[in-house]
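The listed protein sequences derive, respectively, from chains A and U.
The first sequence begins at 1 in the working numbering and counts up by one.
The second sequence begins at 135 in the working numbering and counts up by one.
Any given hint could turn out to be false.
[Stated by the list, open to error] List time: in silico SDA-like cross-link candidates among lysine to any residue, alpha-carbon distance up to 20 angstroms: (1) Lys150(U) x Arg178(U); (2) Lys164(U) x Ala154(U); (3) Lys254(U) x Pro174(U); (4) Lys234(U) x Arg122(A); (5) Lys234(U) x Val14(A); (6) Lys234(U) x Ser37(A).
[What the hints assert, rightly or not] Ranges of calculated distance between the beta carbons of each label pair, as one might list FRET restraints: (7) Ala255(U) x Glu124(A): 38 to 44 angstroms; (8) Ile112(A) x Glu238(U): 28 to 34 angstroms; (9) Pro110(A) x Thr259(U): 23 to 29 angstroms.
Note that these hints are calculated values from the structure, not bench results.
Virtual Cβ for every residue (Gly too), placed ideally from N, Cα, C.
Protein chains: 2
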Amino acid sequence: MSESPVVWESRDFVLKVNEAEIPWLILYHKSQYREMSQLPEGTRLEIYTIIDSIEREMLEYYKADKINIASFGNYLPRVHWHIMARFVNDSYFPEPLWGKRQREASLNLPDIGVFLERVKARIETLSLQSESLS
Amino acid sequence: MSESPVVWESRDFVLKVNEAEIPWLILYHKSQYREMSQLPEGTRLEIYTIIDSIEREMLEYYKADKINIASFGNYLPRVHWHIMARFVNDSYFPEPLWGKRQREASLNLPDIGVFLERVKARIETLSLQSESLS
């Protein structure tokens with residue numbers, strides 16, 4: 001779990017920003033579970049609901065060309081998910097962010113601060129079992 | 135949708151093998167939807183349930199060291215998911231399959247035919263809205 005800025009936190013989850021050229025959030029489950037299938041079903045559903053909220057806000061706020069979602073955890077074997085807004089003119093498109101850089105892009109995206117506030121507000125409307133930490 | 139072997143198919147989904155060094159399945163939704171959030175909630179849940187079944191079988195059958203799950207769709211902007219069984223001695227570990235190759239691996243994995251039969255059997259026990267095509 002890197003020292004990146006925290007967007008939102010609850011008893012079970014922490015959502016952080018991976019500071020990059022594109023809007024890139026990482027949702028960590030706070031447990032030591034390595035794999036999704038080791039989590040209780042309700043927790044898995046909460047993860048997917050949170051990812052869905054982030055995706056919707058990325059599409060709405062940034063008009064992203066594509067959403068990329070990934071769970072690897074090879075370096076850090078704990079359940080966490082990457083959610084990325086992609087643009088056809090970003091530095092890696094159409095490669096994944098882990099692929100080969102395609103160009104030196106200069107995106108002119110709207111303010112990320114507003115986006116993060118909107119993501120947090122969206123997640124706080126969800127009925128999650130664990131409460132938000134303020 | 136590549137011409138890879140079909141593992142299982144229903145009205146809404148097709149599950150294919152991406153022939154690679156590691157066990158790598160791709161679950162395609164047959165619609166033209168680009169993003170998960172455009173699908174009905176029930177369909178999203180079915181996708182996650184199918185991915186969960188595949189993950190469990192990868193862990194059980196292959197004793198995979200880590201499961202990797204990803205949805206990009208930058209080249210093919212239609213909802214599809216990659217589910218990969220990773221091993222600490224595979225050619226890319228701990229990098230994602232889209233990252234930098236780490237070594238020339240020689241994995242000695244159990245028969246994939248048996249694995250695919252087991253995955254198919256597992257999925258057929260799920261209560262999915264769309265029926266399997268035989």
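Outcome of the hint check:
1. Restraint check for Lys150(U) and Arg178(U): the C-alpha separation of about 18 angstroms stays at or below 20 angstroms, so the hint holds.
2. Of the pairs offered as hints, the one joining Lys164(U) and Ala154(U) is violated, with about 23 angstroms between alpha carbons and a cut-off of 20 angstroms exceeded.
3. For the proposed pair Lys254(U) and Pro174(U), the alpha carbon gap of about 24 angstroms is over 20 angstroms, so the pair is violated.
4. For a cut-off of 20 angstroms, the pair hint linking Lys234(U) to Arg122(A) is broken: about 36 angstroms separates their Cα positions.
5. Between the alpha carbons of Lys234(U) and Val14(A) the distance comes to roughly 29 angstroms, so the proposed pair goes past 20 angstroms and is violated.
6. Between Lys234(U) and Ser37(A) the alpha-carbon distance is near 27 angstroms, which puts this suggested pair outside the 20 angstroms criterion.
7. For Ala255(U) paired with Glu124(A), a C-beta distance near 41 angstroms keeps the hint of 38 to 44 angstroms intact.
8. The hinted window of 28 to 34 angstroms between Ile112(A) and Glu238(U) is violated, with their beta carbons roughly 41 angstroms apart.
9. A C-beta distance of roughly 46 angstroms is found between Pro110(A) and Thr259(U), which places it outside the suggested range of 23 to 29 angstroms.
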